[in-house]
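Based on the hints, put chain B in the right spot on chain A.
Which chain is which? The protein sequence lines are A and B, in order. Counting from 5, one number per residue, gives the positions in the first sequence under this note's numbering. Counting from 5, one number per residue, gives the positions in the second sequence under this note's numbering.
It should be emphasised that the hints constitute simulated quantities derived from the structure, not laboratory data. Computed from a predicted structure; not experimentally measured. Take the hints with a grain of salt, since some may be wrong.
Pairs involving identical chains hold if they fit within one copy or between any two copies, as the list cannot separate such chains.
What the hints assert, rightly or not - List of simulated lysine to aspartate or glutamate pairs, EDC-like, C-alpha gap at most 16 Å:
1) K157 <-> D100
2) K62 <-> D28
3) K335 <-> D292
4) K342 <-> E314
5) K63 <-> D328
6) K157 <-> E96
Protein chains: 2
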Amino acid sequence: MSNLVCTLQVDLGDRAYPIYIGSDLISNPEFYAQHIKGSRVMVVSNTTVAPLYLEQLKKALVDFNVSEVILPDGEEFKTLDVLNQIYTALLENRFDRTCTLIALGGGVVGDMTGYAAASYQRGVNFIQVPTTLLSQVDSSVGGKTGVNHPLGKNMIGAFHQPQAVIADTLTLNTLPDRELSAGMAEVIKYGLINDADFFEWLEEHMEALMARDLVLLAEAIRRSCADKAQIVAADEKESGQRALLNLGHTFGHAIETGMGYGKWLHGEAVGAGMAMAADMSCRLGWIDDNKVNKINDLLKRASLPASPPESMSGDDFMGLMSVDKKVLDGKMRLVLMKDIGHSIISDDFDPAALKATLGA
Amino acid sequence: MSNLVCTLQVDLGDRAYPIYIGSDLISNPEFYAQHIKGSRVMVVSNTTVAPLYLEQLKKALVDFNVSEVILPDGEEFKTLDVLNQIYTALLENRFDRTCTLIALGGGVVGDMTGYAAASYQRGVNFIQVPTTLLSQVDSSVGGKTGVNHPLGKNMIGAFHQPQAVIADTLTLNTLPDRELSAGMAEVIKYGLINDADFFEWLEEHMEALMARDLVLLAEAIRRSCADKAQIVAADEKESGQRALLNLGHTFGHAIETGMGYGKWLHGEAVGAGMAMAADMSCRLGWIDDNKVNKINDLLKRASLPASPPESMSGDDFMGLMSVDKKVLDGKMRLVLMKDIGHSIISDDFDPAALKATLGA
Numbered sequence: 005m006s007n008l009v010c011t012l013q014v015d016l017g018d019r020a021y022p023i024y025i026g027s028d029l030i031s032n033p034e035f036y037a038q039h040i041k042g043s044r045v046m047v048v049s050n051t052t053v054a055p056l057y058l059e060q061l062k063k064a065l066v067d068f069n070v071s072e073v074i075l076p077d078g079e080e081f082k083t084l085d086v087l088n089q090i091y092t093a094l095l096e097n098r099f100d101r102t103c104t105l106i107a108l109g110g111g112v113v114g115d116m117t118g119y120a121a122a123s124y125q126r127g128v129n130f131i132q133v134p135t136t137l138l139s140q141v142d143s144s145v146g147g148k149t150g151v152n153h154p155l156g157k158n159m160i161g162a163f164h165q166p167q168a169v170i171a172d173t174l175t176l177n178t179l180p181d182r183e184l185s186a187g188m189a190e191v192i193k194y195g196l197i198n199d200a201d202f203f204e205w206l207e208e209h210m211e212a213l214m215a216r217d218l219v220l221l222a223e224a225i226r227r228s229c230a231d232k233a234q235i236v237a238a239d240e241k242e243s244g245q246r247a248l249l250n251l252g253h254t255f256g257h258a259i260e261t262g263m264g265y266g267k268w269l270h271g272e273a274v275g276a277g278m279a280m281a282a283d284m285s286c287r288l289g290w291i292d293d294n295k296v297n298k299i300n301d302l303l304k305r306a307s308l309p310a311s312p313p314e315s316m317s318g319d320d321f322m323g324l325m326s327v328d329k330k331v332l333d334g335k336m337r338l339v340l341m342k343d344i345g346h347s348i349i350s351d352d353f354d355p356a357a358l359k360a361t362l363g364a
Numbered sequence: 005m006s007n008l009v010c011t012l013q014v015d016l017g018d019r020a021y022p023i024y025i026g027s028d029l030i031s032n033p034e035f036y037a038q039h040i041k042g043s044r045v046m047v048v049s050n051t052t053v054a055p056l057y058l059e060q061l062k063k064a065l066v067d068f069n070v071s072e073v074i075l076p077d078g079e080e081f082k083t084l085d086v087l088n089q090i091y092t093a094l095l096e097n098r099f100d101r102t103c104t105l106i107a108l109g110g111g112v113v114g115d116m117t118g119y120a121a122a123s124y125q126r127g128v129n130f131i132q133v134p135t136t137l138l139s140q141v142d143s144s145v146g147g148k149t150g151v152n153h154p155l156g157k158n159m160i161g162a163f164h165q166p167q168a169v170i171a172d173t174l175t176l177n178t179l180p181d182r183e184l185s186a187g188m189a190e191v192i193k194y195g196l197i198n199d200a201d202f203f204e205w206l207e208e209h210m211e212a213l214m215a216r217d218l219v220l221l222a223e224a225i226r227r228s229c230a231d232k233a234q235i236v237a238a239d240e241k242e243s244g245q246r247a248l249l250n251l252g253h254t255f256g257h258a259i260e261t262g263m264g265y266g267k268w269l270h271g272e273a274v275g276a277g278m279a280m281a282a283d284m285s286c287r288l289g290w291i292d293d294n295k296v297n298k299i300n301d302l303l304k305r306a307s308l309p310a311s312p313p314e315s316m317s318g319d320d321f322m323g324l325m326s327v328d329k330k331v332l333d334g335k336m337r338l339v340l341m342k343d344i345g346h347s348i349i350s351d352d353f354d355p356a357a358l359k360a361t362l363g364a
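So here's chain A without its partners, still in its complex pose (with noise of 0.2 Å):
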């Protein structure tokens, strides 16, 4: 029995499309008929997503011609050749303009299918069903879309936004812990970038809601994507304010590209870049200890790291960051906090507090 505890309009770009957030609405055909226009559906899934959840997706498609194509898991198959293989199937399957393509499972998936939608016979429509808490608070809102190359991630790819997102919460009680906490990172940072009641609402709920609340996390997915599209809405063209959507991922990148990509994920490098951002915006008087510390216990009921890899020193990260070139260019922006909710995008802070909070 479906259970939609809420329909998010977004208004971006030349078109509108609806979030809906909820559990068990995979299955239900009411969320997909109405945006899809020709007879034709491809889904597209991995390996990991498919056999849990594949089936179910059909049984909302009844109606429609389906076929599908199922990818190898892992952003280390983030790449043109695997593309391919959903142009392939596609073509192979006499696809024309008026299909439309579904993206079952996570970011992964998510971008690559969408750039697939972006770009096939020029483009076609898709519907995002994301698999994960971080898909699911950040793929479905802003468009991004591509593949990496190997010399640097997210190389390729377009802007084209989705006929609709289905969020279903019931796929995350089959989410490992880990990912959990990994996509809570992302719903923590919507709070400390601008939205202090939302992280006062976390802090209120974050053992509900890593006990997988479904009702709890649906709130916390809507609030996320409502955040986020606020803030792409005021910065379409990614040239100012959006780049405060990257709080603690300057230091994030820093400790993937270290640690080599993979060891640790995406979400908990972001973790524990943003308790670095406190820190650091705390040795600027920026904010006080007070509010590190409970940024870093919320991260800690995440179950996500606060602080860096031990096994990083200050060179590794002045290294990694490019800090003496870019401080000496004056190009070292980072996104830092005058508030829990209130954060900044500045070039202009003393590099000792960088380097102190680096360790180096």
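Chain B in isolation, oriented as in the chain A frame:
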């Protein structure tokens, strides 16, 4: 000494851009500088065109930091793998989102460079410098970019408008005769679709055009681009009238496939295809013999075939065009002529006329 004959402003999608048409434009900085926002430029060309024009182009770009990538020449290299060579060159040279790509070559180089620009970091700027008549009249307008898939031509792509098109008629002096004729097929097409005055003008000047009178060629390019822009503007989403641009193409594709790709040039097949469309329109009683003869004469004066290849039978055509099946399903739509300068899209015709035209 540059001789700018005209500037045609194309006002499609969310942006307008100019097509500069004239002789000796390639090496003139004034046509580039205002359309390049950053300092870094990647020129994409192929092994045939680069030796002829790359150094000239670089003269126009002395104020910029220029890199280049030279692709193999030919439709068979219009693939994802070769596209990836462009991405790799951009990433190896650390090009960011402010870069500009310049396509120096014919349709394949233009389509691939445009698509690389559409997809690199989700979209960067590009400038077209088409060096064939076909690409000057056809690829300059419409924003179609993309690559082929082994299972279908142009199946992967995007709509992406250039910042500017620089159509230098001097480059036509090095164009092989057959390719000049092939480009002229598309020029004649615009007269046949909706521009009877232009058709008459072509009748007056065909020998001079084929002798590469650069001033007349510039006028033919201008008129073709203007006609195409008008049709595309009326139907940006390609649902209706834009299909008029396929005059001669349904028959032509059957010829290209039947003969094996590359045996007949695309423009040659379109030339024969237009003659077949005229023949069928005559059999339907829509145009008279006199007009068919005028069309065939003009095609012949452009050294184009005015009839299908002798080696292809009526049954070959019937099979390649799925005539029986499509007629049965009511899905056989063809671009036919009510007059010179008045083509229409029709699925309402006597199949006997089609069969007679095919010799079936």
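Do the hints match the structure? See the list:
For the homomeric pair K157 and D100, the shortest alpha-carbon distance between copies (13 Å) is at most 16 Å, but the shortest distance inside one copy (30 Å) is not. For the homomeric pair K62 and D28, the shortest alpha-carbon distance inside one copy (14 Å) is at most 16 Å, but the shortest distance between copies (60 Å) is not. Taking identical chains as interchangeable, the C-alpha atoms of K335 and D292 are never at most 16 Å apart, the minima being 27 Å within one chain and 71 Å between chains. Within a single copy, K342 and E314 get their C-alpha atoms no closer than 27 Å, and across copies no closer than 79 Å, so neither meets the 16 Å cut-off.
Proximity of K63 and D328 under a CA criterion of 16 Å is satisfied in neither setting, with 56 Å inside one chain copy and 36 Å between copies. Taking the closest pair of Cα atoms, K157 and E96 come within 16 Å of each other only across two copies (14 Å); inside a single copy the shortest separation is 29 Å, beyond that limit.
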